[in-house]
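The hints should help you fit chain B onto chain A, whose structure is shown.
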Amino acid sequence: MFKTTPTVKLMLHLANLMVIFFILLPVVAVFIGSIQSEKALQADTRRLLPLEFTLDNFTVILTKGEQKGRIFEQVTYLPDNIKNFYVAFANSTIVAISVTVLTLLFGSLSAYTLARLRYRWTLFLLQANIVARFVPVIVLMIPLYIVMRSVGQLNSLSGVIIAETGFLLPYAILILAPYFDTIPSELEEAARIDGCTRFTAFVRIVLPLATPALAACGVIMFIISWHELLIPLILNARPNFMTLPVVIASLVGDVHVFFNLMMAICLLALAPTVVLVALLQKYIVEGLSAGAVKG
Amino acid sequence: MNRARTPWFRREMSAGRFALVMNLPTLLCLGLVLAYPVGYAAYLSVHRVGLGQLRRGEFAFTGWENYGRVLEDPLFWVAIKNTLIFTVITVGSEIVLAVAIALLINQAGIWTSRITRFLILLPYAIPPICNGLIWSFLYSFQFGFLNRILFTAGLIDDPVNWAGNPDTALYAVTVPYIWRTLPFAIILVHAALQGIPRELYEQAAIDGANAWHRFRQITWPMLQQIIAIILILRTAFAFAVFEEILAITQGGPGDATWVAAWYSYKITFAPPNNFGMGSASAFILTLMIAAIALVYLRLIYRRVTL
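First to last, the protein sequences are chains A and B. Reminder that position 93 of the first sequence reads as 269 in this note's numbering, one-by-one numbering, no gaps. Reminder that position 90 of the second sequence reads as 214 in this note's numbering, one-by-one numbering, no gaps.
Any given hint could be a false lead.
[Stated by the list, open to error] Using 20 angstroms as the maximum straight-line C-alpha spacing, the simulated SDA-like pairs for lysine to any residue come out as follows:
{"#": "1", "chain 1": "A", "residue 1": "K240", "chain 2": "A", "residue 2": "H432"}
{"#": "2", "chain 1": "A", "residue 1": "K185", "chain 2": "B", "residue 2": "A329"}
{"#": "3", "chain 1": "A", "residue 1": "K259", "chain 2": "A", "residue 2": "Q243"}
{"#": "4", "chain 1": "B", "residue 1": "K390", "chain 2": "B", "residue 2": "V202"}
{"#": "5", "chain 1": "A", "residue 1": "K185", "chain 2": "B", "residue 2": "N334"}
{"#": "6", "chain 1": "B", "residue 1": "K390", "chain 2": "B", "residue 2": "Q374"}
{"#": "7", "chain 1": "A", "residue 1": "K185", "chain 2": "B", "residue 2": "F339"}
{"#": "8", "chain 1": "A", "residue 1": "K185", "chain 2": "B", "residue 2": "A224"}
{"#": "9", "chain 1": "B", "residue 1": "K390", "chain 2": "A", "residue 2": "R325"}
{"#": "10", "chain 1": "A", "residue 1": "K185", "chain 2": "B", "residue 2": "F267"}
{"#": "11", "chain 1": "A", "residue 1": "K458", "chain 2": "B", "residue 2": "A315"}
{"#": "12", "chain 1": "A", "residue 1": "K458", "chain 2": "A", "residue 2": "P388"}
{"#": "13", "chain 1": "A", "residue 1": "K458", "chain 2": "B", "residue 2": "L227"}
{"#": "14", "chain 1": "B", "residue 1": "K390", "chain 2": "A", "residue 2": "V313"}
{"#": "15", "chain 1": "A", "residue 1": "K215", "chain 2": "B", "residue 2": "F267"}
{"#": "16", "chain 1": "A", "residue 1": "K259", "chain 2": "A", "residue 2": "R325"}
{"#": "17", "chain 1": "A", "residue 1": "K185", "chain 2": "B", "residue 2": "V202"}
{"#": "18", "chain 1": "A", "residue 1": "K215", "chain 2": "A", "residue 2": "T235"}
{"#": "19", "chain 1": "A", "residue 1": "K259", "chain 2": "A", "residue 2": "R414"}
{"#": "20", "chain 1": "A", "residue 1": "K240", "chain 2": "A", "residue 2": "I211"}
{"#": "21", "chain 1": "A", "residue 1": "K185", "chain 2": "B", "residue 2": "K390"}
{"#": "22", "chain 1": "B", "residue 1": "K390", "chain 2": "A", "residue 2": "H432"}
{"#": "23", "chain 1": "A", "residue 1": "K259", "chain 2": "A", "residue 2": "F234"}
{"#": "24", "chain 1": "A", "residue 1": "K185", "chain 2": "B", "residue 2": "Q231"}
{"#": "25", "chain 1": "A", "residue 1": "K185", "chain 2": "B", "residue 2": "A232"}
{"#": "26", "chain 1": "A", "residue 1": "K458", "chain 2": "B", "residue 2": "Q318"}
{"#": "27", "chain 1": "B", "residue 1": "K390", "chain 2": "A", "residue 2": "L427"}
{"#": "28", "chain 1": "A", "residue 1": "K458", "chain 2": "B", "residue 2": "G332"}
{"#": "29", "chain 1": "A", "residue 1": "K458", "chain 2": "B", "residue 2": "R241"}
{"#": "30", "chain 1": "A", "residue 1": "K458", "chain 2": "B", "residue 2": "L246"}
{"#": "31", "chain 1": "B", "residue 1": "K390", "chain 2": "A", "residue 2": "A413"}
{"#": "32", "chain 1": "A", "residue 1": "K185", "chain 2": "B", "residue 2": "W336"}
Just so you know, these hints were derived from the structure itself, not from any lab.
Isolated chain A (complex conformation):
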């Protein structure tokens, strides 16, 4: 929208550089923090890049604390949760994949009918979903903790999966519904003349056409459930059932854990979703705008 005179061009380049710097600042910090030793970080508190780099932080996490490497040689205590990295990673994966599958399944069944069949109650349900998206997790967690405690579902992955599915389902519906709305209904009508029921027309005709929306919704659901902290934090206190964010949160305020180790485990935890975002950027952009605007 600007005329690109050389001065304007230079200023726009500068503005871009500032934005890029701001975006990359924490990413550079987590990288540099994770490949240093505690000693290097503490020795010179003013140096940007210390003289020595090490991969020992990753080694100690990935070998469950068995191979301590040079920088942890003298360390006698390591938090158990650090040693639980693989279990937490597996738990996070199980939860995120289950929540993604369940929200896609229930969400597409629901979003399709809400977009196609207009009754007073379907419109009401759609609006209920919009309002439900706003419900803060904290107000759900107190009663859910008490309920799960009384039915013995504390410290289980299924409890977390159920809670997260319910919590994310409204958002999934809001992302999917506008897309189903854009698929012309003539296609299903033709299929039904050929003998399909409503349900088979949905499965055979509409769902294949909706793959981009399912991809967009699926990747967003995976990312949000991979990131979710409060639900597993409150429901799962035992190390065997912790997800990665819970393990990381447990290190906050632990005097035995220094920034280098924290940055290393953070980097391992954020890598999967960074890869997803890099690969599926287009779908995420579409899903985010669909879920906010057209709901």
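Just chain B, lined up with the frame of chain A:
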């Protein structure tokens, strides 16, 4: 087809029943995990619920006592005040930055804009708790990365205690939150920008309008709707900020960064575990957010046909 011999799953349902069956899982989920807990939270908020009561399974009805105790707690009002300041700063900065950056990445012929556009979604990939910890490393008084950068650049002589100073801590925690949630706002504004017909700008250029006039007359009016949507969504979510507070300050120093969600969390899950009061305070937060949600509903239903 012979109806009697067709198995049930091949039989044609009426549209109404079909809609109901298709929505059963959703209704079940919404009822079980959203409606019921919200209702139960309301129930807990008017009963005395502590660890002892939980063990016995008997909650004594106390009426408005929990609400009264929450509203008389000075810490609660500090938390509300901090939440409001936090929300105003984060949402305000996000909208200004989102419009500016969306315009920047929409600009043709600037190659650095392409890099920005590619990187813009990166913060969306970072788990909030990791984001918080990374920034607590950045902010660290003695070992922090931010101070190292400023030392190296020669901008400061003594280390700055970004998150440990009660006067600056609340502002310090807004930056990571803005960093993490900005991509969402930029993407929405950018999508809206791309929906503005180019002819409008061409016509305005022929009429001799300068860049500021074109922004005021064309861009801004076309962005108002999406900005209202961002404003509402981001306000509602910023009200419930939690992870960054947990990772960076844990409410401190003192009570400088106690926010509403942190208050409910600490009252409930830290000793002496007052579930009743926690529910009452969480319920007050929910009512505030529900008011925002209703405004949103009205806004998008004024023009959307779905």
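Now for the hints, and whether the structure bears them out:
1. Using a Cα cut-off of 20 angstroms, the hinted pair K240 of chain A and H432 of chain A holds, with the two alpha carbons roughly 16 angstroms apart.
2. Between the alpha carbons of K185 of chain A and A329 of chain B the distance comes to roughly 19 angstroms, so the proposed pair stays at or under 20 angstroms and holds.
3. Straight-line distance between C-alpha atoms of K259 of chain A and Q243 of chain A comes to about 11 angstroms, which keeps the hinted pair within the 20 angstroms bound.
4. Restraint check for K390 of chain B and V202 of chain B: satisfied, since their Cα atoms lie roughly 14 angstroms apart, inside the 20 angstroms limit.
5. Between the alpha carbons of K185 of chain A and N334 of chain B the distance comes to roughly 16 angstroms, so the proposed pair stays at or under 20 angstroms and holds.
6. At most 20 angstroms may separate the alpha-carbon atoms for a hinted pair to count; K390 of chain B and Q374 of chain B meet this at roughly 10 angstroms.
7. For a cut-off of 20 angstroms, the pair hint linking K185 of chain A to F339 of chain B stands: about 18 angstroms separates their Cα positions.
8. Taking the CA atoms of K185 of chain A and A224 of chain B, the gap is about 15 angstroms. The hint holds against a cut of 20 angstroms.
9. In summary, the hint linking K390 of chain B to R325 of chain A is supported, as the alpha carbons are separated by about 19 angstroms, within the 20 angstroms threshold.
10. Among the hinted pairs, K185 of chain A with F267 of chain B is inconsistent with the structure: their alpha-carbon atoms are about 38 angstroms apart, more than 20 angstroms.
11. This hinted pair checks out: K458 of chain A and A315 of chain B have alpha carbons roughly 12 angstroms apart, not beyond 20 angstroms.
12. Between K458 of chain A and P388 of chain A the alpha-carbon distance is near 10 angstroms, which keeps this suggested pair within the 20 angstroms criterion.
13. Of the pairs offered as hints, the one joining K458 of chain A and L227 of chain B holds, with about 19 angstroms between alpha carbons and a cut-off of 20 angstroms not exceeded.
14. This hinted pair checks out: K390 of chain B and V313 of chain A have alpha carbons roughly 14 angstroms apart, not beyond 20 angstroms.
15. With a CA separation close to 11 angstroms, the supplied pair K215 of chain A and F267 of chain B stays within the 20 angstroms bound.
16. Using a Cα cut-off of 20 angstroms, the hinted pair K259 of chain A and R325 of chain A is violated, with the two alpha carbons roughly 27 angstroms apart.
17. A hinted pair counts as satisfied when its Cα atoms are at most 20 angstroms apart, and K185 of chain A with V202 of chain B does not qualify at roughly 46 angstroms.
18. Pair hint K215 of chain A plus T235 of chain A holds up; C-alpha atoms about 17 angstroms apart against a cutoff of 20 angstroms.
19. Restraint check for K259 of chain A and R414 of chain A: the C-alpha separation of about 14 angstroms stays at or below 20 angstroms, so the hint holds.
20. Restraint check for K240 of chain A and I211 of chain A: the C-alpha separation of about 18 angstroms stays at or below 20 angstroms, so the hint holds.
21. For the hint pairing K185 of chain A with K390 of chain B, the CA-to-CA distance comes to about 51 angstroms; that exceeds 20 angstroms, so the pair is violated.
22. Distance restraint check for K390 of chain B and H432 of chain A: the Cα-Cα separation of roughly 23 angstroms exceeds the 20 angstroms cut-off, and the hinted pair is therefore not satisfied.
23. For the hint pairing K259 of chain A with F234 of chain A, the CA-to-CA distance comes to about 11 angstroms; that is within 20 angstroms, so the pair holds.
24. Our distance criterion of 20 angstroms between C-alpha atoms is met by K185 of chain A and Q231 of chain B, whose separation comes to about 10 angstroms.
25. Among the hinted pairs, K185 of chain A with A232 of chain B is consistent with the structure: their alpha-carbon atoms are about 11 angstroms apart, no more than 20 angstroms.
26. Restraint check for K458 of chain A and Q318 of chain B: satisfied, since their Cα atoms lie roughly 15 angstroms apart, inside the 20 angstroms limit.
27. At roughly 18 angstroms between alpha-carbon atoms, K390 of chain B and L427 of chain A fall within 20 angstroms of each other, so this suggested pair holds.
28. At roughly 36 angstroms between alpha-carbon atoms, K458 of chain A and G332 of chain B are farther apart than 20 angstroms, so this suggested pair is violated.
29. With a C-alpha separation of about 12 angstroms, the suggested pair K458 of chain A and R241 of chain B falls inside the 20 angstroms cut-off, and the hint holds.
30. Proximity of K458 of chain A to L246 of chain B is assessed by CA-CA distance (about 13 angstroms); at most 20 angstroms being required, the pair is judged to hold.
31. This hinted pair checks out: K390 of chain B and A413 of chain A have alpha carbons roughly 16 angstroms apart, not beyond 20 angstroms.
32. Among the hinted pairs, K185 of chain A with W336 of chain B is consistent with the structure: their alpha-carbon atoms are about 16 angstroms apart, no more than 20 angstroms.
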